[in-house]
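Each chain is listed here by its residues.
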Amino acid sequence: MLLADLFQETSLALTSNKVRSSLTVLGIVIGIASVIAMISIGQGAQKTIESNIQALGSNLLVVTPGSTQGSVRSVVSSGRGSATTLTEADAEAITALELAKSVAPELSGRHQIIARGTNTNTSVIGTTVDYQSVRKINMAEGSFLSDQNNKARTKVAVLGPTTRDDLFGEGASVIGQKIRINKIDFTIIGVTESRGGTGFFNQDDVIFIPLSTAQQFISGSDYVSNIDVEANDQTSMTALQQQITVLLLARHQIKDAAQADFTVVNQADIASAASETTQTFTLLLGAIGGISLLVGGIGIMNMMLTTVTERTREIGLRKAIGAKPREIRIQFLTEAVMLTFLGGLIGTLIGWLASMAIGRFGSLTTDVSLNSILLAFGVSAAIGIIFGYYPASRASRLNPIEALRYE
Amino acid sequence: MIIEANNITKTYQIGDQVVPVLKGISFAIAPGEFVAITGPSGSGKSTLMHILGALDSLTSGSYSLDGQDISKLSEDELADIRMNKIGFVFQSFNLLPRTSVLRNVMLPLIYAKVPRAERARGVAEALKSADMPEDRWDHRSNELSGGQMQRVAIARALVNNPKLIMADEPTGNLDSKTGDIVLKAFQTLNQRDGRTIVLITHERYVAEHASRIIELRDGMIVRDSLNNNNLHKPLLR
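Chain order of the listed sequences is H and E.
Everything in the first sequence is counted per my numbering, starting at 1 for the first residue and increasing by one.
Everything in the second sequence is counted per my numbering, starting at 1001 for the first residue and increasing by one.
Calculated from the structure, these hints are not laboratory results.
A couple of the hints might just be wrong.
Said to hold, decoys possible - Capping the alpha-carbon separation at 27 Å, the derived lysine-lysine pairs in BS3-like fashion look like this:
1) H:K324 with E:K1085
2) H:K324 with E:K1072
3) H:K324 with E:K1113
4) E:K1163 with H:K324
Claimed, not checked - Here's a subset of chain H near chain E, in silico, CB distances under 10 Å, partners left out:
5) D5
6) L26
7) E193
8) R313
None of these values were measured; they are calculated from a predicted model.
Ideal Cβ positions, reconstructed from N, Cα and C, are used throughout, including at glycine.
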């Protein structure tokens, strides 16, 4: 049988019972569409989280006080954040390391901010000039904190765009305006560009002030909440992480690394932990879609078995006029694969439209990747072969005499 | 000889019982003969037809078709024999439903891998030989009358130019008037075109249309005679 004939015979067979064929295809359409839409939600979430982590800065290591690296993670250690073990001197010592490109200590806390009768609660970060390069901050207007600000302990502030909007209204010009933090007046010298992120990851709802000012007027101590370190490049990150650990252990006079009163977190670790979560999430969503795909596949098998029974005499005739068992098998297998392939095509289209609609009208970010489309097509073709094989081989094994006599 | 059957036997195993259906059948059919194989039901004529038509294997004896011994061939080789040497006409027509006359007749050519461009001519010739009116060629098979369906089936049997046409009760589903027309069509194919035809029937009247009648009873040939009524009868057209 020529290939062109095979396709012609198959389409004739499928169009001779349009209602049944389309209902069977519908099962596959729903399966594939739900797989595509579900995976797009999962991958959208993954992409959002990854871009948020990327927005933190590149080649970033964060040194935090307290330890999470006990023998068992769940063991209560000296609470991170509340511990006060890192100092500005530690940050300066890290600056001396060759692999460290720039170092920015941070002292952060949440405070009530008052400005011209309005007020908001946001995080106030005391830091140095290097913070701008470590965290890749661009200015929308004005300038970032300078070395001079830190040396002189000036009372100046740089606002994130969200904070600016909350205090002064959207897009207001605020350079030179005063805000009050902890009953102390600060003059606004700049507003950062938006860096995106929502919820936990909102990096725009923040106020930056000089570290020295924060230590003297707000916390009243020399400690810092964490130290951000930018490595020279991607490859030196692990080595730098090691060096910082050794350096700080020595500075804090700790012999056993397990007893460390600080933690060095690699940005890649954060990213991989986050993407692990979203991958599980994606897998779960995909599995839900997969179940409907399986049901669709069983629908195909059901229809093909019915078809083989119904067309028993036709199969007998085909054999009588010279069709070989292999040709009969290929013919019925092609019918099944054609159905699932058609279902895969329509399903991909609908799934793609659905995920666009979810992304547009829902609150979820979606992302249809080429991989998920290829996967859907591969799976639908595979379903055609797997669920079509049994009916097709049953057809091919029919005895022509009995098939011709079949009533 | 087109057909040479030599002491063919066929037994079926039903449970523990061995049931002999054909008990030693020998005969030969020359090219251009029109032979009716007849007998009451249970005489083994259908089984014999299946063996002659390369649809079934025989238990013992030998059978050669067109000079080729086909008693030991594989399933695929038998399919090739059926495709190239035999054209079947069945009692219930067995046309593909909702499919055009042309497509139905073309079906054997599809399995024979005849190039697409060469098919139309063969199909048209076959339909003309079977006296199928040309204005019906594009109709679907289920829009035809019984007589027309059987003529389409005859055209399908002719299309790959077989050595042998096997008709199994071809008038069984037709009224006597259309049955006569179909039988006349077989006579025409035999006398005008020199086709070799084997017709299986249990009706004496139908068998009378052939030029030779082989009668079976209980799996054996009880009579093999020329039908003098029909032997040199000029054909009325």
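Consistency of the hints with the structure:
1. Annotation: proposed proximity of K324 of chain H to K1085 of chain E holds, straight-line Cα distance about 15 Å (limit 27 Å).
2. This hinted pair checks out: K324 of chain H and K1072 of chain E have alpha carbons roughly 17 Å apart, not beyond 27 Å.
3. For the suggested pair K324 of chain H and K1113 of chain E, the alpha carbons sit about 12 Å apart, so the restraint of at most 27 Å is met.
4. This hinted pair checks out: K1163 of chain E and K324 of chain H have alpha carbons roughly 20 Å apart, not beyond 27 Å.
5. The interface hint given for D5 of chain H is met, as the beta carbon of that residue sits about 5 Å from the closest beta carbon of chain E, less than 10 Å.
6. Residue-level restraint check for L26 of chain H is violated (minimum Cβ-Cβ distance to chain E is 22 Å; threshold 10 Å).
7. Interface restraint check: E193 of chain H against chain E, minimum CB-CB distance 67 Å, threshold 10 Å, status violated.
8. The closest approach between the C-beta of R313 of chain H and any C-beta of chain E is roughly 6 Å, which is under the 10 Å cut-off, so the hint is satisfied.
Hint compliance for this structure: hints 6 and 7 are broken, all remaining hints hold.
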